[in-house]
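Engineer: So the sequence lines, in the order shown, correspond to chains A and B. Just so you know, the numbering used here puts the end of the first sequence at 167, numbered straight through with nothing missing. Just so you know, the numbering used here puts the end of the second sequence at 1425, numbered straight through with nothing missing.
Worth flagging that the hints you see were computed from the coordinates, not collected in a lab. Careful, some of the hints might be misleading.
Simulated crosslink set (DSS-like; lysine-lysine; CA at most 25 Å straight-line) [stated by the list, open to error]:
id : chain 1 : residue 1 : chain 2 : residue 2
1  : B       : K1175     : B       : K1287
2  : A       : K159      : B       : K1156
3  : A       : K146      : B       : K1166
4  : B       : K1287     : B       : K1174
5  : B       : K1055     : A       : K159
6  : A       : K49       : A       : K60
7  : B       : K1095     : A       : K60
8  : B       : K1296     : B       : K1087
9  : B       : K1080     : A       : K36
10 : A       : K36       : B       : K1055
11 : B       : K1287     : A       : K60
12 : A       : K146      : B       : K1156
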Amino acid sequence: MQIKGKVFKFGDSISTDHIAPGRLFHLRTNLPELAKHVLEDADTEFAQKVQPGDFVVAGKNFGLGSSREHAPTIIKIAGVGAVLAQSFARIFYRNAINVGLPVLICDTTQIDRGDELAVDVGKGEIRNVTKGITIQAKPLPDVMIKILNDGGLLEHFRKHGGFALDA
Amino acid sequence: MERSRTRLVSKTIVEKILSEHSGLDAYAGDIVVANIDAALVQDGTGPLAVQQLQKLGMEQAANPERTILFIDHAAPSPRKELSNAHKILRDFAAKTGAILSDVDEGVCHQRMVEDYMNPGEVLIGADSHTCTAGALGAFATGMGSTDVAIGIASGKTWLRVPETIKVYVTGEFKKGVYPKDLMLHFIGMIGADGATYQSIEFCGPTIDAMDMSGRFTLANMAVEAGAKAGLFKTDETTKKYLEERGRGDKWREIAPDADATYERVVEIDVTDLEPTISCPHTVDNTKTISEVIGTKVDQVFIGTCTNGRIEDLRIAAQILAGKSRNPNTRLLVCPASKEVYLQAIEEGILAKLASAGAAIINPGCGACVGVHGGILGDGEVCLATQNRNFQGRMGNTEAFIYLSSPAVAAATALEGVIADPRKYL
């Protein structure tokens, strides 16, 4: 699966409060509305400007904090093709795969705001078209690939009638 | 991760519990499908979990008497959207027999240890601080709504068995220094991502001497170091806690094998530990009290699943009794659960705190997560006993949150600036 789009760059320690803040708690049962505010507390213009296929690129420990699955869900609803970061907080990472949002661990220091990327999620290959360089992401664990390929955890469970995670 | 199995016979606590729950001889790095003993959702994550089960055509609970739906984040509801979200949980409870913990009962993590969790069990919860129950020798971890939904319906979840960091604590706390200071200090040491994908075992003489309340504080904040779980071995202190709650028969010995394999060992001596503060906007941005003393504070908040227990309120009352808060600093006090609330009434603690100028809030999470009851104004500073100080956490990105022990919080309420509690003890 290849995704092409532009980069929105964020720093380290982007928390679930930046992505889906508690002050919008009442919108959690209205995800399309909540998605209009995605990442608003880290970049006020992001939600208005993001186009389908664009990338969220960040530093360390992206998604730290709450277990709220709404965070990766609204990033996906906003049309983001994948999130690239140097590292992810555990629960966010798992939630992202569960909702079918590709998340790649890679060196993001050579990616800047506005860069054009072409990303092959399966291969973990990130082509920075603007800079003419290729960056290799850490491969996703097999379990995560299975769930992602099935379209998320719900679809995985439906398709197999339970967990089917063995090699 | 390839490990030589023939050499591995000894296990960490988490390896033991997940082996028992998966029927496998499981070690760190293995993927297991584990039976779960209990599951929780709260009003922020539960409605989505229920909707996922509806999509799956599995609106059911495999183990309804240990599936608990908490209305605690917006309790009582401050707006109609949330009242409607609560209805989703009420309907699911009625349909499946799952337990509804209503607006009077308190914060999920405190309620889980008071009434539901036992040593050696597995709990998954759609709330990151689910790890609190690790203090009882259980494996307890936070996940998203879909993971927990599937756990509720099927009684199972998948897990990667985590490596374990052993945190060995020695020394006696000096007066005015508490387990909260230890935990903030530890997170400052290893960083907010220092234990990502791993579990933590807290042990050593200081832990052996620690009461359950302190152990809950440590376990609660394991996730603030990125950990999947924070675990403790069980002992007489665990047994007594369970006996006091009519679950003495649920006590069992939980301990790691002597030569279990650890990712690393972190040793901390608390003898010279100072009151420790997390500064805006990350938990690992820690400083000792002398570095931040005198910082003006607009609001002090004492409560939450981290430090809203009776032991915490007793400390606050000890410092504040017979005195008045600084007129420029408001003080909010929120017992973590109904049990704590009633006990605090009985002991006269709430009267002392209210007389000192505290606004007493009903048990819940609203202030800490910025939903309602304690939202900060632009540029305002809050010192809170909670576990998180992210930008925007208490409802306003233009505000600043410091984290501390209840003692520092109480002293700060008196002086209106961050204050050292030791002179009041």
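Engineer: Does each hint hold? Answer for all of them.
Structural biologist: Each hint tested on the structure:
no.: 1; hint: K1175(B) <-> K1287(B); in the structure: holds (18 Å)
no.: 2; hint: K159(A) <-> K1156(B); in the structure: holds (17 Å)
no.: 3; hint: K146(A) <-> K1166(B); in the structure: violated (32 Å)
no.: 4; hint: K1287(B) <-> K1174(B); in the structure: holds (17 Å)
no.: 5; hint: K1055(B) <-> K159(A); in the structure: holds (13 Å)
no.: 6; hint: K49(A) <-> K60(A); in the structure: holds (24 Å)
no.: 7; hint: K1095(B) <-> K60(A); in the structure: violated (43 Å)
no.: 8; hint: K1296(B) <-> K1087(B); in the structure: violated (42 Å)
no.: 9; hint: K1080(B) <-> K36(A); in the structure: holds (20 Å)
no.: 10; hint: K36(A) <-> K1055(B); in the structure: holds (24 Å)
no.: 11; hint: K1287(B) <-> K60(A); in the structure: holds (22 Å)
no.: 12; hint: K146(A) <-> K1156(B); in the structure: holds (18 Å)
Checked against the numbered hints given earlier, this structure breaks hints 3, 7 and 8; the rest are met.
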